[in-house]
Every structure is written in C-alpha cells, then in structure tokens.
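Undergrad: Kindly produce the complete structure, drawing on both the sequences and the hints.
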Amino acid sequence: MSKRQTQTPTASTQTKKTRTMDLWKYREWTVDQTCQYLEEQGLGEWQAIFRENNISGVTLQYLTEQHLKDMDIRQIGDSLKILDSIRKLWQITGQGKVFNDPIHGHIELHPLLIKIIDTPQFQRLRNIKQLGGAYFVYPGASHNRFEHSLGVAYLAGELVDALSRRQPELQISPSDILCVQFAGLCHDLGHGPFSHLFDGKFIPKARPGVNWKHEDATVKMLDHLVERNNLREAMEQYGLELPRDLDFIKEMIHPKALTKETPWPHKGRGQEKSFLYEIVSNSTNGIDVDKFDYFARDSHHLGIQNNFDHRRFLKFARVCEVDGEKQKHICSRDKEEWNLIDMFNTRTGLHRRAYQHTVTKIIEIMISDAFLKADQFMKLSTAIDDMEAYTKLTDHVFEQILNSSSADLAEARQILRNITCRRLYKCLGQTQANEPMEVTQEMIQSWETELAQADPPHSFHDVSLQSQDFIVNVIELDYGMKEKDPIDNVRFYCKNDLTKAYQIRKDQVSKLLPEHFAEQLIRVYCKKRDKKSLEAAGKHFVKWCMDRNFSKPQDGDIIAPELTPLKPNWLNSSDKDGEHGSCKDVKPGKVNGPTKAKTKLFK
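This note's numbering numbers the first residue of the sequence shown as 43 and each following residue consecutively.
Mixed in with the good hints, there may be bad ones.
Think about it this way: if two alpha-carbon atoms lie no more than 25 angstroms apart in a straight line, the pair counts; the simulated BS3-like pairs of lysine-lysine are [said to hold, decoys possible]:
1) 309 <-> 377
2) 594 <-> 574
3) 370 <-> 298
4) 377 <-> 526
5) 357 <-> 157
6) 357 <-> 574
7) 247 <-> 548
Taking CB as the label site, the calculated pair distances span [said to hold, decoys possible]:
8) 160 <-> 478: 39 to 49 angstroms
9) 353 <-> 475: 37 to 47 angstroms
10) 104 <-> 478: 45 to 55 angstroms
11) 184 <-> 504: 39 to 49 angstroms
12) 591 <-> 156: 40 to 50 angstroms
13) 78 <-> 353: 35 to 45 angstroms
14) 450 <-> 269: 33 to 43 angstroms
Hints in this document: simulated from the structure, not taken from any laboratory. In this text, a Cβ means the ideal position worked out from N, Cα and C, and glycines have one as well.
TA: The structure is reproduced here in structure tokens:
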C-alpha cells in the first residue's frame with residue numbers, strides 16, 4: 043500500500059465532510075456558517091454583502107432574485123449562481139431513499155417524504171388495489187395505490203425541477219419543490235377499499251345524501267397523518283412554513299377550477315405561482331403527473347400498449363403567460379400536440395378496455411352489494427367519519443367477510459364466494475339514449491322497476507322477474523373534460539417565441555379528430571343465472587329499450603328477433619331494402635325451440 047493511501051484525512055478534508063453532513067441543518071446556520079458555505083461554492087466575493095444583510099440559514103430558502111437585487115447583486119449571472127447554490131442544499135439526499143420502480147427505474151425521494159411513507163396512514167395504500175375489481179379480470183393488475191403514489195411524487199419532482207432549471211426567472215424555491223413532491227406522494231391517501239368502487243358505488247348507496255369523495259378523505263387523512271406522527275417539527279426542519287405550506291399541499295391535491303373572472307381562491311401560493319397547481323392535479327386541462335404515472339403503470343400491468351410518452355412532455359414543458367389571464371400556465375411545444383392527443387386517447391382506451399370493462403363492473407357491483415349487506419354489522423360506511431378507523435379499512439375487508447363464520451355476514455359472504463367461484467351476474471346488453479341524461483339513483487331504481495314490468499310477446503310466463511333481479515349501470519366515457527375537447531384548454535408555444543402561448547384549433551391539426559368527446563352507456567345486468575330466466579330477462583331488456591326509445595342493443599336481433607323488426611328506426615339498411623339482415627332466416631315461432639338462428643354474413 044502506498045504512502046499516499048495510508049495518509050489520514052487532512053483537517054480541510056474532515057471539515058468538508060462535516061460540512062456535507064451538516065447541510066441538512068442549513069436552516070440552523072449562523073451568518074458565519076452561511077458565508078462559509080458561499081466560500082466553498084466559489085461565491086466568497088459576496089460574503090460581505092451577506093454579513094451586512096445578516097443572512098443566516100433560515101433566511102436562505104426565502105431568497106429570491108428580487109432580494110438579491112435589493113442587496114445590490116444586480117448581475118443576472120451572479121444572481122443565478124447564488125440561487126442555484128442555495129437550491130442544491132435541499133437536494134442533498136444522504137437521508138433519502140432510492141426505490142427500484144418497474145416504471146421509472148431507480149427513483150430517489152427526499153427524506154421528509156420517507157418520513158411520510160413510513161407511517162401507518164401511508165402504508166395502508168399497500169393494501170388497496172389501484173384498479174379495484176379489474177384484478178379479477180386482468181391477472182397482472184395486482185398493483186396498489188402505494189407504488190402509484192411513489193411514482194407521482196417522483197414525476198411531480200421531475201416536472202417542477204425541470205421548470206425550475208429551464209426557467210430560473212420563475213423563482214421556484216426549494217420549499218415549492220418539496221411541497222409539490224409532498225402533494226404528489228399524498229394525493230391518494232383517501233382512497234377506500236378497491237379504490238373508486240368505495241366512493242363511486244358503495245358510499246352513495248350506504249350513505250345516500252352524503253356528498254363524499256376520496257379527495258375529501260385525502261385532506262382529512264393528511265391532517266391525521268401529520269398530527270398522529272408528530273411531523274410538524276420535521277416539516278419545519280426541512281424548510282416548510284406552517285400552516286401556509288400545508289395548506290398549499292392540500293390545495294394542490296384538490297385545486298379549485300378557475301376561470302378568467304374567478305378571484306384567486308388559494309392561500310398557499312399567489313397567482314405568480316399558479317402553474318404549480320397544474321402539476322399534481324390539473325383542473326384546467328387534465329394534463330398532470332397523476333395521469334402520467336397511472337397511464338404508464340396501469341398499461342404495464344394490464345398488458346395494454348401505452349402510446350403516450352410523458353418523458354417528452356417533461357422535456358418540452360414551459361411556463362407561459364396566457365393572454366387575457368392573470369395566471370401562468372404550463373404549456374407544451376406546438377409539435378407536441380399529437381403526443382397530447384395520444385394521451386387523451388390512451389385515457390379513453392384504458393377506460394373502455396379495462397376500467398369500464400363489462401366483467402370488471404359486474405364484479406365491482408357484486409363487491410359493493412356484499413359491502414352493503416355487511417355494512418349494518420361492520421359499520422364500513424361510518425369509517426369515513428373517523429380517520430383512525432379509516433386507516434384500518436383496506437381491501438382486506440374482502441377476506442374478512444369471505445372467511446368469517448358469523449351468521450350476520452352470511453349473505454355478504456355468499457356474494458363474495460360467488461365472485462371467487464366465478465358465479466357472476468350476467469350482462470344482458472348495452473344501450474344508449476338519444477341524448478345524455480343527468481342520471482340519479484332514483485332514476486336507476488325506476489328503470490329497474492320498468493325492466494321487470496316490461497311484457498314482451500312470446501315471454502316466458504313461468505318465469506318471474508322482479509326489479510331486484512335487474513341492475514342498471516350507467517357508464518360515462520369521455521376524454522377527461524366531459525363533453526369538451528380537452529385540447530381546447532391546452533396552450534402551446536413555438537421555438538421562435540418561448541414566452542408567447544397560443545391555442546391550436548382542431549381544424550389546424552387534422553380532420554380525423556373526433557367530433558364528440560363524451561358518451562353515456564347504459565348497461566343492464568341480471569342477478570339470476572339460470573338459462574330460462576336469462577332468456578326472459580334478455581327479452582325484457584330489448585322491450586325496455588324499445589319503450590324508452592334507446593338504441594338497439596348490439597345482439598338485439600339474436601336476443602329478441604320477434605321484437606326488433608317492430609321498431610322502424612332499428613331496422614338495418616338491408617332490412618329497409620326488403621331483407622332482414624343478420625336475422626333473415628330466423629322464424630319468431632322457433633326462437634326458443636331447437637332451431638338456432640342463422641346469421642347471414644355476406645350478401
């Protein structure tokens with residue numbers, strides 16, 4: 043071993059190591075320690091000004107370009123060097139952690155985020171399926187809200203950090219960056235068992251009249267998490283200002299929709315930082331890192347192709363002022379419009395193929411029915427009023443009911459057994475109204491009654507169908523902004539002027555883009571499973587569609603060939619020419635007999 047290798051570290055080396063270890067505590071620095079840091083960063087020429095203005099560690103995080111100008115540091119190059127060196131302080135990750143994520147690779151998170159992750163309130167997300175009942179249809183969809191939340195925190199940090207480096211004039215502070223990551227990490231804390239099943243299906247029936255969404259629970263759970271784990275001191279230690287920054291985090295999780303006339307509603311940050319509210323949950327156009335992660339993660343686990351590349355969006359994102367608006371918005375490069383169109387198409391495709399899959403919805407309806415049967419004994423619906431109880435409510439309630447021996451839970455247990463044994467409710471078909479309707483729970487109940495009372499000719503008189511045998515499920519499919527084109531709310535910039543934002547109209551892109559951006563599907567299921575009841579229920583469904591003037595079900599000619607020709611606007615083009623399309627050879631009198639319907643494929 044050489045002499046050089048056996049030397050003990052010099053005093054200066056030891057000092058440097060100690061300084062690096064102490065960087066986490068920079069908010070406790072005295073003015074002298076702050077000046078020492080400037081010297082280490084090659085900025086010693088400004089020590090006298092910092093001493094004169096009494097700049098200590100606690101002041102560093104709030105320094106802006108304007109403050110430096112007021113201190114007579116007027117050259118933009120000097121200001122940027124000082125601000126960049128200050129920004130490095132929060133990025134020292136000696137106490138952070140690296141996660142090996144299947145979607146984003148090795149991701150590194152701030153130590154404050156690790157403190158949040160290592161709490162019971164956050165760890166419960168390990169036991170809540172990201173896609174609810176879809177796991178029973180897609181065997182790869184076993185991922186949970188836990189890993190999705192890590193991914194959103196990482197992407198939130200990537201986007202805000204990219205904006206900070208690309209546009210230093212935005213004066214994004216270290217606490218801004220940390221708050222954005224914090225919001226990304228905690229944005230799904232309020233999800234209940236099987237994710238959207240709980241607040242979308244179970245709670246509206248268990249607690250009618252209670253307007254409750256998982257976003258409401260997220261805010262309550264975040265407060266509970268901070269208080270229960272005494273995290274206020276840690277938050278302040280890492281430079282967050284309470285309660286202002288905690289309010290800011292909650293506002294980013296569930297921001298209020300804004301218009302040009304709306305006064306600024308947020309108190310966490312002012313309008314000059316309005317773009318920060320578009321990173322985690324974007325109420326302006328729906329382009330946010332929450333979607334970036336779940337598009338990539340859900341597609342990966344479902345085995346479905348994801349055509350949207352969120353990494354390109356991060357490369358081209360810039361903040362611009364939009365004409366006529368006081369707020370600043372995150373904009374994309376003009377050539378990226380097709381990438382964003384792919385993003386909205388990906389969203390619709392995932393809903394159509396997975397989230398709203400016919401069997402996925404059947405299973406979620408059955409799980410919800412089981413929870414409703416168990417609710418009076420297990421008080422599942424009241425957990426939303428108590429975050430301590432809600433912390434213990436996860437997907438495990440499925441196994442609790444399934445494996446219980448209580449007589450009180452017999453009905454709920456039988457429904458869950460039917461799911462595990464694949465004895466599912468049957469889908470009778472799907473239809474649409476001429477115009478979208480505002481559907482209420484009362485309307486659905488009346489439709490179920492109408493379905494039972496529909497009396498088609500040639501019906502089975504020995505089959506009794508009641509309203510409780512039918513389930514009506516209304517599916518809303520859109521591009522993320524209801525019936526509006528989401529691209530209308532996106533602003534773009536071009537390489538010739540990086541500061542000016544403008545709109546690109548649909549007719550400037552392609553004539554192949556859709557004319558409509560939302561549709562409402564009405565699905566009907568039957569709880570009975572025997573062949574005769576299902577045949578009768580199918581005819582009831584077709585007759586109901588006729589009475590309601592809804593669209594003809596796709597297999598209506600097969601289910602009830604004696605009924606569909608009775609409605610003129612249901613006739614196929616070939617029927618109107620004197621033929622009977624796909625059911626030409628079907629004789630009504632033999633529909634339920636041994637003769638099977640013949641399908642004519644070609645003329």
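Undergrad: A range of 39 to 49 angstroms was offered for this pair. Does it hold for the Cβ distance of residue 160 and residue 478?
TA: For residue 160 and residue 478 the Cβ distance comes to about 46 angstroms; the hint holds.
Undergrad: Taking the Cβ atom of residue 78 and the Cβ atom of residue 353, is their distance within the range 35 to 45 angstroms?
TA: Given about 39 angstroms between the Cβ atoms, the range holds.
Undergrad: Does the alpha-carbon distance linking residue 309 and residue 377 stay inside the 25 angstroms limit?
TA: Measuring from Cα to Cα gives roughly 35 angstroms; hence the hint is violated.
Undergrad: Run the distance test for residue 377 versus residue 526: straight-line Cα separation, threshold 25 angstroms.
TA: Satisfied, since the Cα-Cα distance of roughly 22 angstroms is no more than 25 angstroms.
Undergrad: Verify the proposed pairing of residue 594 with residue 574, using a straight-line Cα cut of 25 angstroms.
TA: Roughly 22 angstroms separates the two Cα atoms, so the pair holds.
Undergrad: Falls inside 33 to 43 angstroms, the C-beta gap from residue 450 to residue 269?
TA: holds (35 angstroms)
Undergrad: Is residue 370 close enough to residue 298, meaning Cα to Cα at most 25 angstroms?
TA: Measuring from Cα to Cα gives roughly 15 angstroms; hence the hint holds.
Undergrad: Do the beta carbons of residue 591 and residue 156 sit within 40 to 50 angstroms of each other?
TA: Hint violated: Cβ distance 58 angstroms, outside 40 to 50 angstroms.
Undergrad: Can the suggested window of 39 to 49 angstroms be confirmed for the beta-carbon pair residue 184 and residue 504?
TA: Distance hint for residue 184, residue 504 holds at roughly 44 angstroms.
Undergrad: Tell me if the beta carbons of residue 104 and residue 478 are separated by a distance inside 45 to 55 angstroms.
TA: holds (50 angstroms)
Undergrad: Does the Cβ distance between residue 353 and residue 475 fall inside 37 to 47 angstroms?
TA: holds (41 angstroms)
Undergrad: Would you mind confirming whether the straight-line C-alpha gap from residue 357 to residue 157 stays at or under 25 angstroms?
TA: violated (30 angstroms)
Checked against the numbered hints above, the structure violates hints 1, 5, 6, 7, 12; every other hint is satisfied.
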